[in-house]
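Chains A and B supply the protein sequences, listed in that same order. The opening residue of the first sequence carries number 1 in this note's numbering; numbering runs sequentially from there. The opening residue of the second sequence carries number 1001 in this note's numbering; numbering runs sequentially from there.
Source of the hints: derived by calculation from the structure; they are not laboratory data. Among these hints, one or two may not hold up.
[What the hints assert, rightly or not] Examples of chain B residues lying across from chain A (beta carbon under 10 Å, computed):
#, residue
1, P1289
2, E1291
3, V1292
4, I1293
5, A1295
6, R1297
7, M1298
8, S1299
9, G1300
10, Q1305
11, K1309
12, P1313
13, T1314
14, V1387
[What the hints assert, rightly or not] Here are the computed distance ranges between Cβ atoms for each label pair:
#, chain 1, residue 1, chain 2, residue 2, range
15, A, G89, B, S1308, 29 to 37 Å
16, A, R157, B, R1178, 24 to 32 Å
17, A, K272, B, N1384, 49 to 57 Å
18, A, E88, B, R1178, 53 to 61 Å
19, A, L93, B, K1006, 56 to 64 Å
[Stated by the list, open to error] Using 30 Å as the maximum straight-line C-alpha spacing, the simulated DSS-like pairs for lysine-lysine come out as follows:
#, chain 1, residue 1, chain 2, residue 2
20, B, K1309, A, K150
21, A, K201, A, K107
22, B, K1227, A, K134
Note that the structure is predicted; figures quoted are calculated from it, not measured. For each residue, glycine too, the CB sits at the ideal point set by N, CA and C.
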Amino acid sequence: MSEPVIKCESVYKIFGENAETMLKEANGNVDAKTFQKNGCIVGVNNASFEVSKGEMLVVMGLSGSGKSTLLRCISRLTDATGGKIFIEGQDLLNLNNKELIDLRRNKMGMVFQSFALLPHKTVVENIAFPLQIKGINTEDSINKAMDMVKLVGLDGRENYFPRELSGGQQQRVGIARSLAVEPDIWFLDEPFSALDPLIRKEMQDEFLRLQEKLQKTIMFITHDFDEALKLADRIAIMKDGIIEQLDTPANIVLNPATEYVRKFTEEVPREKVLLIEDVMDSTTTEDIGNLKVSKDEIIENVAEKILTQEKTVAVIDNNNNIVGSINPTKIINTVFGGRKNNN
Amino acid sequence: MELFKKYPKLFQWIFLLIVFFALCFAIDVPETYKFIRGQAEFVKDPNQSTFVFLGKEVRYYAFDVFWRLPPLLGWLPIWINDSLFFLMNDWMPMEFWNEDTQEYKTRPLVLQITRNLTAFMTFLIELIREILLGGLETIVAFTSWDWIDANPWAELPGLPWTIVAAGSAILAYKLGGRGLAIFAGLAMTYISIFGQWKPSMQTLSFILVAAPLSFVFGLSLGIAAFKSKRVEKALYPILLVMQTMPQYAVLVPALVLFGVGDHAAVIITMIVAVPPMILLTLLGLRAVPPEVIEAGRMSGCNNWQLMSKVLIPTARRDILIGVNQVIMVCFSMAVISAFIGAKGLGFNLLLALNQLNIGLALEAGLCISLIAILLDKMSLAWANKQVDYFGNLNFFQRNKNSLFFGLIMIVGIALAYFGSIYFKDGYNYLFEVPHNKGISTADFWNKGVDWIFDTFFVYIKAFNTWLIVEVLQPMRALYLRMPAIATIVLVVGAGYLIGGTRSALVVCGLTLFIALSPWWDRALVTTYMATFGVIVSCIIGFTVGTLCFQNKHSTKFMLNVCDIFQTFPSFVYLIPVMMLFGITDTSVLIAVIVYATIPATRYTIEGLRSVPSGLHDAATMSGVTKFQRLFKIEFPLAFPHMMLGLNQTIVFALFMVIIGAFIGTEDLGQYILKALSDKKGAGIGLTLGICVAFIGLIFDNLIRTWVDKRKKHLGID
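Whole structure, please, built from the sequences with the hints as guidance.
Structure follows, in structure tokens:
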């Protein structure tokens, strides 16, 4: 396997005056309460993970869980107190100012919750901004920015000012700006949290469309568990600076690692999240019907078909080989069973 | 006992007052004490005691330490003076090349620096002045007098007033639209027709030099303070003192350092105008959302790009409001610096007031106010104007204002040329209306003043006497009766009750400085005048503000009135009161009241307006009457903001009391005025200024601490 694009090794971020000495003394055993007594606040506590190329890691947590702090450590908007961060093998914390600026100008893009557009620049100027900062001349940068305007579907509004746009449109500008330098790594900090529910859904779909086309390596921050399930390849759930569980959406729903994670999964409509593959039996029985379903289908889409069968249904892969089976009872158990409020 | 538990603060306050009054009664007035008039402290008198500190002899009348503290700080002004003189005349003599005599000459470093600085300022002022009025100093600066004698054509001709008037109208149109343009045109035409062109342009040139320089310095220092905590910490006390320091007081040391004239005035103006610019820059940069800064960093900005392309453009509005503030301070200083010989309207105003020619003073004052209002509105319009997109306009549309100005230039020059042929008596009215040839309304005003005096003299006099005998004299006597120790106990106690030990220590230090200076009595007189002004202003301001708040239109109207009144340079307020009440304490107090009522009214309205509308609706739905809503909801919530208004009212009142010295009072301001004409006045002036600033800061500290606590308690910000 190739080298991970982002790699974190026990990253700590602790706010406070003598954070560094305290971290050293704690010897890898950081307890938020003792730190708080000494006037330090633990933002990120021993975070280790990897993100490989083209993967979307969604970091999910409630406010104050340290998810934004983690993202800012990885983009080095704030310096981590301890640990190591590698971006494509480069040790991020050892980069000098010039190298860091180079990295940001060429490899990184970031989208912000409050859009963070420059109020004195038009849509197209905002998008061209990172290019101009890089030193690309006005004409080229504007041309490139116009491509981006089209990509996010804002053509015709390129000469508007941010104040003249709706929230959704402003965030499209934010997305376009973060993509203008064609970065490999894309950071999104609660990009859709400030939007209305309908617009949010629209933007999520748009985002998935873009990602399919661009295949960036993504770190996506959200406090919305449903959003995380919808978008993620893998989800990291954070609480009080600690990553409680890092796994695929299906595994998180089926096997919550802690009580805290389980609380989130309780209300999740599993038929919308889980694939047939996740719940099928990998053994095949004799008693198999004629219906065959793909292992990559979401349960919701095929549930009706399966439930009308009396026999077990065969599960096939992309090459039409039977890889397992699933019977209607299993579907019913998955959808309705195993939840706290039904027990 | 239960009552005591319920209102512990109230009883603490009562206890403090009891202690204060007990001390007042316990400490008798010493028999030898009398209020010292004039500068008797510095007259040698066998009854005086002396002490020597750092080689300076300080003389004073000794009293019981409980009654008046000895002036242990009496050496400070003398020391400041001597240090200044040493710096200027003896420190670090060096060889400097002298352009005029073509030889090296030995001069102290500081003297050389200040002389170069003043020469540079003079050059800038002359340059602008000659663009507006014509002259040859600038050309001479680059060549020589001989050269100009040989080439008389090289003299700068100056702009005809028509071009300046039309130019300002075009600028006003660009910034604020048609209404502002008409106002600009009319104001400039008025100034010209009424023969105030020359002094007005002199004042304007002064401001056009002082304001941009203050802006540049303020912006850079503001940025430095934003970037470095250490710079901010170093600047903070200076900013604080400068906010409450009377502008008068800075004049005196500047006189020593930079001499007399426009250049010294510009430097002084910068010292006064830079602090508000720093504050607003800092405020604006702080208000930039953190995510915008992060977006800039993630776009790969280096520090310079982040500042110039992200932070400053985003904080544009606050920074331009700073420009507005700078311009207003410059106007205020343009008048006051007439005391150190700055030319222009301020000088004419001062001269007219000195001669008691109210009519002339009124004309000059009106012109200053007109230009001040105009520049105020223009800079505000600039601040509030949002960037427009103009990429899709053609060349003509994009440059129509400059093109139009070019056209005006040609027309104006043609008119001036035509005028030089048409007007035969030597005055070209289309170029510049000379001072004594314009329409003058001075006679009319003077007659009006005479008429008012003839008709109402009896009533005015009666009112005057009543006020002085029945109110002012007793109040003054009461203030002077306060023993120093009792006053300090009262102030420190108040500090402790409001803000705890820290506040108590701060106000204790500030009060001790005043008490240990030789001017405790004068400080009491200043405080008494300010207190009287503040009390009346607050009553008027809170009432008017509350009444006006009942109606949307009157609210807006009142805020506009406040805006306009605030634009007038403080000195202008003295004209009408002198017109009515002559040269008495009453005049000063009325000027104080009028001036200090502005912030009292404004903050009352703003405070009431800041009450969230949700609360309004909630109150209405619980069925309150208008009065109940006012007293139960609006006043309690608006009160912290109104107290900030009180703070401003005190600062304004103190300023005006000090300026009132010009009319003749017996307080600290009088001494500052005297220090202006004293060869050794620098130290005295500065120390006095610090005393006044400290009076302001004592109240500032107490009120701010209280407001902060109250706001936290109410959960508003």
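Comparing the hints with the structure gives:
no.: 1; hint: P1289; result: 6 Å, holds
no.: 2; hint: E1291; result: 4 Å, holds
no.: 3; hint: V1292; result: 5 Å, holds
no.: 4; hint: I1293; result: 8 Å, holds
no.: 5; hint: A1295; result: 4 Å, holds
no.: 6; hint: R1297; result: 6 Å, holds
no.: 7; hint: M1298; result: 4 Å, holds
no.: 8; hint: S1299; result: 4 Å, holds
no.: 9; hint: G1300; result: 3 Å, holds
no.: 10; hint: Q1305; result: 6 Å, holds
no.: 11; hint: K1309; result: 7 Å, holds
no.: 12; hint: P1313; result: 4 Å, holds
no.: 13; hint: T1314; result: 6 Å, holds
no.: 14; hint: V1387; result: 5 Å, holds
no.: 15; hint: A/G89 <-> B/S1308: 29 to 37 Å; result: 34 Å, holds
no.: 16; hint: A/R157 <-> B/R1178: 24 to 32 Å; result: 30 Å, holds
no.: 17; hint: A/K272 <-> B/N1384: 49 to 57 Å; result: 50 Å, holds
no.: 18; hint: A/E88 <-> B/R1178: 53 to 61 Å; result: 59 Å, holds
no.: 19; hint: A/L93 <-> B/K1006: 56 to 64 Å; result: 58 Å, holds
no.: 20; hint: B/K1309 <-> A/K150; result: 25 Å, holds
no.: 21; hint: A/K201 <-> A/K107; result: 28 Å, holds
no.: 22; hint: B/K1227 <-> A/K134; result: 23 Å, holds
The structure agrees with every numbered hint stated previously.
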